[in-house]
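Novice: Top line first, the protein sequences correspond to chains F and R.
Its first residue numbered 1, the first sequence is counted upward by one per residue in the numbering used here.
Its first residue numbered 82, the second sequence is counted upward by one per residue in the numbering used here.
Treat the hints as calculated values from the structure; they're not laboratory data.
Accuracy of the hints is not assured; some may be wrong.
As the list claims (entries may be wrong) - Using 25 Å as the maximum straight-line C-alpha spacing, the simulated DMTMM-like pairs for lysine to aspartate or glutamate come out as follows: (1) K64(F) / E34(F); (2) K67(F) / E51(F); (3) K59(F) / E153(R); (4) K216(R) / E7(F); (5) K216(R) / E25(F); (6) K67(F) / E30(F); (7) K216(R) / D23(F); (8) K67(F) / E15(F); (9) K252(R) / D193(R); (10) K216(R) / D52(F); (11) K59(F) / E74(F); (12) K216(R) / D53(F); (13) K252(R) / E30(F); (14) K292(R) / E45(F); (15) K252(R) / E45(F).
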Amino acid sequence: MATATPEAVEARIVEALASFGPDIEQVTREATFEELDIDSLDLVELAQIVEDDYGVELKGDDMKNLKTVGDAIELVVARAS
Amino acid sequence: MAETGSRPPGCALVTGASRGIGAAIARGLAADGWAVGIGYNSGVDAARSVVAEIEAAGGRALALGGDVVDRERIDAHFTLLEEAFGPVLVLVNNAGVRADGLAPQICDGDWDLVLDTNLTAAFRTTRRAVRPMLKARFGRIVNIASVVGLRANPGQSNYAASKAGLIAMTKTVAAEVARRGVTVNAVAPGLIETDMTADLDGDLLAHVPAKRAGTPEEVAACVRFLASDAASYVTGSVLSVDGGMAA
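Excised from the complex, chain F in its bound form:
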């Protein structure tokens, strides 16, 4: 299991989101999933990656409130610590 430092989580989430389509430069903390064209299926996959790498289980209700990349990073960091 990877260590969930805020920097490591941010790098992993940004990398994962970029793999779903957007250019990696677009994937900033402020960017919204809507702007990045990241949809609910992408977020399901992101949840799987986060679970595999950090042991953090994200349910549907957790994901529903996420609007920006920063929201996702903060949630995972908070849950992992």
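Starting from the known structure of chain F, arrange chain R on it as the hints suggest.
Specialist: Chain R only, in chain F's frame:
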């Protein structure tokens, strides 16, 4: 060994594969190069002989015992397969039961048994299978429905509801995951010669334009197609294998 195309390494799981349609599907997928998990509930000897047959033909298979409604057991089956052969990239939800009767005679227990086994368990295995398929950008889910999910057959309201539900689930999940290379289809057999249909009365044949029952291998052929690379653009569909019964 058959053409494997561009599919990634992984395996197949067929529930209810110790006999009948499920066994024919398992043998067929093994012949197509898949390592196959042979799910079974009570037929341990039959399941082992399917494994032996596949191994004798140069394939790989694993017998996995347990009721499909037992979610922990089924989750353990997935883990076993993942460790032995890699992710489950082909899932065939075939396990099913019947408890027939006219609606006024179907007790709660018979309703629940049929819905839990044929529909709820299929949803749970699908849910468990989908994530690794999304990750692999490849997956094939084939749900074994029935002609009675499409067309009335008095005495099977529970079975028909479970199979119609399975068809609706097939279409919905297909739409959810289509863009990741994961396809979800249903096969709807009509009257097929198996232990499950041995006790049905003969007048059913009158409803079959082909005037004969089908074989498990004829159903398996459709599943093998839907599991193949050739069927990569087929998703959310229901393939009737019924000698024209639903036509």
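Novice: Run every hint past the structure and note whether it holds.
Specialist: For each hint, the structure was consulted:
1. The straight-line distance between the Cα atoms of K64(F) and E34(F) is roughly 13 Å, inside the 25 Å bound, and the hint therefore holds.
2. For the hint linking K67(F) to E51(F), the alpha-carbon distance of about 19 Å falls within 25 Å, and the restraint holds.
3. A hinted pair counts as satisfied when its Cα atoms are at most 25 Å apart, and K59(F) with E153(R) qualifies at roughly 19 Å.
4. Annotation: proposed proximity of K216(R) to E7(F) holds, straight-line Cα distance about 24 Å (limit 25 Å).
5. A distance of roughly 23 Å separates the Cα atoms of K216(R) and E25(F); the hinted pair therefore holds under the 25 Å criterion.
6. Between K67(F) and E30(F) the alpha-carbon distance is near 9 Å, which keeps this suggested pair within the 25 Å criterion.
7. As the CA atoms of K216(R) and D23(F) are separated by approximately 20 Å, the hinted pair is consistent with the 25 Å bound.
8. Between K67(F) and E15(F) the alpha-carbon distance is near 18 Å, which keeps this suggested pair within the 25 Å criterion.
9. The suggested pairing of K252(R) with D193(R) holds, with an alpha-carbon distance near 23 Å, which does not exceed 25 Å.
10. For a cut-off of 25 Å, the pair hint linking K216(R) to D52(F) stands: about 12 Å separates their Cα positions.
11. Between K59(F) and E74(F), the direct Cα distance comes to roughly 15 Å. Compliance with the 25 Å bound is thereby established for this hinted pair.
12. Straight-line distance between C-alpha atoms of K216(R) and D53(F) comes to about 14 Å, which keeps the hinted pair within the 25 Å bound.
13. Using a Cα cut-off of 25 Å, the hinted pair K252(R) and E30(F) is violated, with the two alpha carbons roughly 36 Å apart.
14. Only pairs whose Cα atoms come within 25 Å are accepted, and K292(R) paired with E45(F) is rejected, the gap being roughly 48 Å.
15. For the suggested pair K252(R) and E45(F), the alpha carbons sit about 21 Å apart, so the restraint of at most 25 Å is met.
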